[in-house]
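> Sequence:
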Amino acid sequence: MSDLPVSLVNELRAWNETTVDFPALPLPALLRHRAELCPDAIAVQDLSESLSYAELVAQAHRLARYLQGLGVQPGTRVACALPRGVPAIVVHVAVFALGAVRAAVRWVAIRLRAKSALARGLAYAEVKWSMKS
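First residue of the sequence shown? That's 1 in full-length UniProt numbering, and the numbers climb one at a time after it.
A portion of the hints provided could be inaccurate.
To be verified - Label pairs and their computed distance ranges (CB to CB):
id : residue 1 : residue 2 : range
1  : H33       : R65       : 19 to 25 Å
2  : Q45       : S7        : 46 to 52 Å
3  : S52       : V20       : 17 to 23 Å
4  : R65       : L30       : 16 to 22 Å
5  : G85       : L30       : 19 to 25 Å
6  : A79       : V6        : 51 to 57 Å
7  : A103      : N10       : 41 to 47 Å
Think of the hints as simulated: they come from the structure by calculation, not from any bench. Quick reminder that beta carbons are idealized off the backbone N, C-alpha and C, glycines included.
With these hints in hand, go ahead and build the complete structure from the sequences.
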């Protein structure tokens, strides 16, 4: 940047100044706060669907309760084999809300691990959950 005019350097620095004050809250709390302020605003969107902040928080909360019923607790690793998109974001938020850790895996890898686990006599559970339920 030393080759650029001082006025341009200053302008670039001004454009790059993107500091924003955020409350020191975890992501799920920030989303709940945003849902209170503007519940109908679009929170997430992909090519086929979108969710408002209120819908995102409600679906993530429902999934978190479901996962909690399966024994997920803080520190639990939760494997997720979803493509990028709205459902994957719901899973992220639900897992973070529980204090668990989301591990993205390829679907093929899950099938191979399941087969390996079953062959060694280990327990394996495949959970199917619908965002619409």
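> Would you mind marking each hint as holding or not holding in the structure?
Taking the hints in turn, this is what the structure says about them:
1. H33 x R65: 19 to 25 Å: holds, 20 Å
2. Q45 x S7: 46 to 52 Å: violated, 39 Å
3. S52 x V20: 17 to 23 Å: holds, 22 Å
4. R65 x L30: 16 to 22 Å: holds, 20 Å
5. G85 x L30: 19 to 25 Å: holds, 21 Å
6. A79 x V6: 51 to 57 Å: At roughly 53 Å between Cβ atoms, V6 and A79 fall inside 51 to 57 Å, so the hint holds.
7. A103 x N10: 41 to 47 Å: holds, 44 Å
Of the hints listed earlier, the one the structure fails to meet is number 2.
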